Amino acid sequence: MSDHHHLTGDHHPSPASAATTALGPLLLLPSELLHDILIRLALPELLRVRSVARPLSHVISSPDFRRLYHLSSAASGPGPAAAWLLVFKKLRPRDAALRGFHGPSGRWFRIPVSAILAPAVPPGEDLYFLAASGSSFLFAANGRRELVVVDLSAHAARRLPPSPLGPRGTSSWRRFGLKLVADPPGSSQFRFLFAELVNNTPLLFEYQSETDTWQSSEAVQAEGASTAAGTEGTFLCAAHAGPDCVMVYSGPGVERPVFFRPRFPHNPNGGGDRLHVYGDGSAAVVRSTVIDEPGRPRVKVVAGVDLYGFGSVIGGDWQLASTVPGELVEGFRKPYAVMTGLLSEREGVVRLVLISNCRGAWDIVWLSYDRARGEWWWVPVPDWGTKGLNMAGIAVSSTFSRLWPPAAASSCTITTSQ
Numbered sequence: 001m002s003d004h005h006h007l008t009g010d011h012h013p014s015p016a017s018a019a020t021t022a023l024g025p026l027l028l029l030p031s032e033l034l035h036d037i038l039i040r041l042a043l044p045e046l047l048r049v050r051s052v053a054r055p056l057s058h059v060i061s062s063p064d065f066r067r068l069y070h071l072s073s074a075a076s077g078p079g080p081a082a083a084w085l086l087v088f089k090k091l092r093p094r095d096a097a098l099r100g101f102h103g104p105s106g107r108w109f110r111i112p113v114s115a116i117l118a119p120a121v122p123p124g125e126d127l128y129f130l131a132a133s134g135s136s137f138l139f140a141a142n143g144r145r146e147l148v149v150v151d152l153s154a155h156a157a158r159r160l161p162p163s164p165l166g167p168r169g170t171s172s173w174r175r176f177g178l179k180l181v182a183d184p185p186g187s188s189q190f191r192f193l194f195a196e197l198v199n200n201t202p203l204l205f206e207y208q209s210e211t212d213t214w215q216s217s218e219a220v221q222a223e224g225a226s227t228a229a230g231t232e233g234t235f236l237c238a239a240h241a242g243p244d245c246v247m248v249y250s251g252p253g254v255e256r257p258v259f260f261r262p263r264f265p266h267n268p269n270g271g272g273d274r275l276h277v278y279g280d281g282s283a284a285v286v287r288s289t290v291i292d293e294p295g296r297p298r299v300k301v302v303a304g305v306d307l308y309g310f311g312s313v314i315g316g317d318w319q320l321a322s323t324v325p326g327e328l329v330e331g332f333r334k335p336y337a338v339m340t341g342l343l344s345e346r347e348g349v350v351r352l353v354l355i356s357n358c359r360g361a362w363d364i365v366w367l368s369y370d371r372a373r374g375e376w377w378w379v380p381v382p383d384w385g386t387k388g389l390n391m392a393g394i395a396v397s398s399t400f401s402r403l404w405p406p407a408a409a410s411s412c413t414i415t416t417s418q
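Residue numbers for the sequence shown follow full-length UniProt numbering, beginning at 1 and rising by one.
Treat the hints as calculated values from the structure; they're not laboratory data. Computed from a predicted structure; not experimentally measured. Accuracy of the hints is not assured; some may be wrong.
[Said to hold, decoys possible] Below, computed lysine to aspartate or glutamate pairings styled on EDC-like, alpha-carbon distance capped at 16 Å:
| # | residue 1 | residue 2 |
| --- | --- | --- |
| 1 | Lys-334 | Asp-370 |
| 2 | Lys-89 | Asp-363 |
| 3 | Lys-334 | Asp-383 |
| 4 | Lys-89 | Glu-125 |
| 5 | Lys-334 | Glu-375 |
[Said to hold, decoys possible] Listed next, with one range per pair, are the computed distances between beta-carbon atoms:
| # | residue 1 | residue 2 | range |
| --- | --- | --- | --- |
| 6 | Trp-214 | Asp-126 | 17 to 27 Å |
| 7 | Gly-326 | Pro-265 | 17 to 27 Å |
| 8 | Ser-105 | Arg-256 | 36 to 46 Å |
| 9 | Cys-358 | Gly-326 | 18 to 28 Å |
| 10 | Leu-320 | Ile-39 | 29 to 39 Å |
Here a beta-carbon is modelled for each residue, glycine too, at the ideal position from N, C-alpha and C.
Construct all of the structure, not just a fragment, from the sequences and the given hints.
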C-alpha cells in the first residue's frame, strides 16, 4: 500500500501566516540547531518541507545550508546514509517509475519519471535503467536502440547521439562495463564511459554532455604491475566470462587507456557455484552451495562472499581484500534460483548489491565495506511488493542525496512507499 506525499509543487492549503504561526517555535531555534534538525531528513522529506513550509524554504534553499547538507551526506560514513539504491520498475508504458531506497529512514521512495520521459520516448518503448549520478539518470531504449538521459533537477529528458559503435539495444549494455559520472560534481553535466571488446581489441568510449560528442580510444596493454592507479581513475570491465575478465583503466598515471587480464588466486574455501561481480576496480565472488532435493526445484544458498582488488597498482592480479563475516552471511542466507549483482565504490566505501529470485519472489541484499576501518555492514532492505516485479535496471548512487532540484521544477514529485 502506498502513502503518497507530494514533495514539490504543491502548496499547503493553509495561509502563509498560519504556517508561520505553526512553525513559530521551530523558527525561534538558533540556526545551528535548526540546521542540525533539517540535515537529518532524507532528501525527499527535505524537499517536501521546502514546498509546504514557506518560512523554512529560505533556510533550506540557502547556499550555506545546501553546502552543509552536501557535506553531511558525503561524510556520513560507510553506512547507507550517503547512498541510494535505485530500482526501475516497469508498469504500463506510461507509468514507469524509479524506486529509491534510503537506508537511514529505512523507506522506499517513488520517483516518477514517465512524465519526464514522455517528450523523448514514444509510447510503448521498452526502457532499461543503466546508471545514475547526481541529477542524471541514464536509460537505454530497446526499440529505437538509443540512450536517453533524464535530468531530474531540470525535469527534462533528451536523447543522446549514437555511440561510435552505432545503435545498440538494451542487451548490448553490460553493467560491469559502464559508468556515469557527474562532472563537475554537483552539476547537471556528466560523462558516460563504457568499455567493449571489439574484434578482440579493448576500446574505451566516452560521451561528454557539455559538448554532446563521443570520443573513442584503443586501450594498450599495461606493462606489468608497476603503474600506480589514481584515485580519480576509472576501471571498467570490457569483457568477462566467470573469473576471466579484461579490465580497462583510464585516468591519472597513464597517458592513454590501458588493459590487462587479472587472475584470481587459488581460493582455499573450495569449489562450488560462484558468481563474479565486477565494479570500480573491485570484484566480489559470491560462493554458493546447491540444495538438490528429490521432487523439489533446485535452489542455492550463499555460503560466503569474498572481495578482491588490485591494491594501488594497475596491471596486477586480483588480491583478496576482505571476506564478509560469517554471521552477516547467516542473516541473508535464503534459497534462490538465480542471482545477479552490482558493485560500486566511492570515497573508500565499497557497496555490493545482490539481487536474487526464487519462485517469482525477489530479494535484495545490500552490503557495505569500509576499507579504512576494515568493517562490513549489512543494510536491511524491506520488501515493497516485489512479487512478480518487472525489474528493468538497478543502480547505486552516492550522489543522489546531493541532488537539489530548483524551486522552479514544480512538477517533479517524489512520494513515499510503505
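A quick look at each hint next to the structure:
1. Restraint check for Lys-334 and Asp-370: not satisfied, since their Cα atoms lie roughly 25 Å apart, outside the 16 Å limit.
2. Simply put, Lys-89 and Asp-363 have alpha-carbon atoms about 15 Å apart, close enough for the 16 Å limit, and the pair holds.
3. Distance restraint check for Lys-334 and Asp-383: the Cα-Cα separation of roughly 14 Å lies within the 16 Å cut-off, and the hinted pair is therefore satisfied.
4. Restraint check for Lys-89 and Glu-125: the C-alpha separation of about 14 Å stays at or below 16 Å, so the hint holds.
5. With a CA separation close to 23 Å, the supplied pair Lys-334 and Glu-375 exceeds the 16 Å bound.
6. Between Trp-214 and Asp-126 the CB atoms are about 23 Å apart, so this pair conforms to the stated range of 17 to 27 Å.
7. For the pair Gly-326 and Pro-265, the beta carbons lie near 21 Å from each other, so the given range of 17 to 27 Å is met.
8. In this structure the supplied range 36 to 46 Å holds for Ser-105 paired with Arg-256, their Cβ-Cβ distance being about 44 Å.
9. Checked against the hint of 18 to 28 Å, the C-beta distance between Cys-358 and Gly-326 comes to roughly 22 Å, which is consistent with it.
10. Distance hint for Leu-320 and Ile-39: a CB-CB separation of about 38 Å, consistent with the stated range 29 to 39 Å.
When held up to the earlier numbered hints, the structure conflicts with 1 and 5 and fits the remainder.
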